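Can you build the whole structure from these sequences, using the hints too?
In order, the protein sequence lines correspond to chains P and V. The opening residue of the first sequence carries number 1 in my numbering; numbering runs sequentially from there. The opening residue of the second sequence carries number 349 in my numbering; numbering runs sequentially from there.
By construction, these hints were calculated from the structure, which means they are not laboratory data. Predicted, not measured: the structure shown is a model, and the values here were computed from it. Hints may be right or wrong, so weigh each one.
Examples of chain V residues lying across from chain P (beta carbon under 7 Å, computed) [what the hints assert, rightly or not]:
#1 T500
#2 I504
#3 P515
Don't be surprised by glycine CBs; every beta carbon is placed ideally from N, CA and C.
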Amino acid sequence: MKSKKYSEALLNLFKKKGFKVKEFENIIESKIIIERSGEIFKKSLLSFEDDNGKNFSLRPDLTISACLDYIKNIKRGIYKYAYFDQAFRRTFGKESLVRNQLGCEIIGSSNLQSNTEIINLIDQSLKKVIKYRTTIKINDINIFYSLVDSLKLPSRWRLRLKRHFWRHDYFKELITRLESNSDLQKNVFELDKKFYFKMKKLKKNEKIAGRKINEILNRFEKKIKEPRSNINGARVAQIIRDFLNINCPLKNARNELKKFEIKNKINLKLNQFDIFDLKLKNKNAMFSANIGRSVEYYTGLVFEIYKKSKSLNLASGGRYDNLMQTLGAKTKVAAIGGAINYDNILKL
Amino acid sequence: MSKLIKIGLPSKGRLREDSLKIFKKNKLSIKDTKRNYLSEIKNFSINEVVFSHAREIIERLADNSLDVGISGFDLLKESLPGIQKNIQVFSRLNFGFANLIVAVPNAWIDVQTIADLEEISFEFKDKNSGKLRVATKYPNLTNDFLLSKGLTQYKIVNSLGSTEIYPFTNQSEIVTDIASSGATLKANNLRILKDGNILKSSACILVSKKSLKDKTKRKIIASLLKKLN
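This is how it looks when you write it as structure tokens:
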């Protein structure tokens, strides 16, 4: 009953702010998800095959369902979704296959106003319904990307750090590898170099296992030009770790980051970020450089809401400006959304 | 409770021969039936020897239709967690050695490590040519390994045999496969990545955990394992 009371109250508050409560299709074609996420998400899908060999899955996530609904039915303009329904994922521990997901999304808008709107809506609605004071943690993952761009690193390492920012454990492993300064294996490299001269004589457009000779040679040359031994991996790793430890009130964040720039002689290009201009109703807003790293598709602003007296996560969300296109939208459609951590709310 | 112990042995090839040898060496005489898939150890407590596919031995141990068996460690690790949890590895044996590895075409000289592969996988994605395809007979072990090493943008192509030729017949770009000496890979213009060792495997003696819960069977199994050790 507590569950129904909370969900109805939250959805009503969302509706009052112009969000449309929607129900989504239960089944989606697995290809749509596998094509964008690869094998990593495939393991979690509850899938089945029809008589024609086509693979379908129970919807694994309602943000994805909202995006697919927009692509199919709305197509253009700003649309505000609210939903409370079940998502289904294969689990490997004691977790349930069925997850209750309550959330809201603004699809089709890229401005600061929609960022503020989503955070304020979720935070204020929670406050009204559960009657506890909350703390908001905010971050923009592009500040991390800007940090990586300002560091002296080979381009392939920059890409690697950005791509795996959302995978905590593997990211840690990458930082350790960065410290150890071991990248190329000399003897193998010398052997490859011999092969390189042989390959230079081959036709450049010929393909070997899906890759053109030209492509292979170019990448090999690039690796020679950008040896890892030229960088101070330990220092770079320390800067990254220090950055991820930045945690301060949002109103002080610009100054803290400026101090960090001066200390490490880097330029984070802070003027391009509007996170410092968010007009939040909740004054307990913190900047935390380490949050928003659990969802691969976030592209900018990310937030997490906690019960103030305990570190209990109540909601989280973020901006996902590239997701729509990878799910099949013909043009780029910016979007932001957030979901209530419903199981934690029921614990209160 | 039944005193009958069911023993699963590989039905084909070197694994069958070497398994029979280990019984013989330990003075357990199995009637070699050549064509019949059922036999027994003549000088041991009531038993039945079933010759099966090595993969099937794992499944039958998990559902307890076999009590003891010999199969590959790679096959056990490839099976689903729900199957593995019902099987105990008694000992690794001194035969059936094989490594599960990641191999790329020799001509991919710019790819030395899985980290390189990870970059290549994004190139495949960005060029809209789809995902990097990995041919394998071991999809579960391959997925666990590649994901732990940071590779996410790839697609598994299930292979039943001749996996080594997949990259050159446009069925996949790279492979993961069993290699013992590496000669087959070399003959097929493939090379193992520096950090591409997924699993070191050998034959092993496996026991169904459910059988161990039965007091009578546990005693008989213990005596059999003692003789084999």
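To see whether the hints hold, each was checked on the structure:
1. T500: 5 Å, holds
2. I504: Holds. Min distance 6 Å.
3. P515: 4 Å, holds
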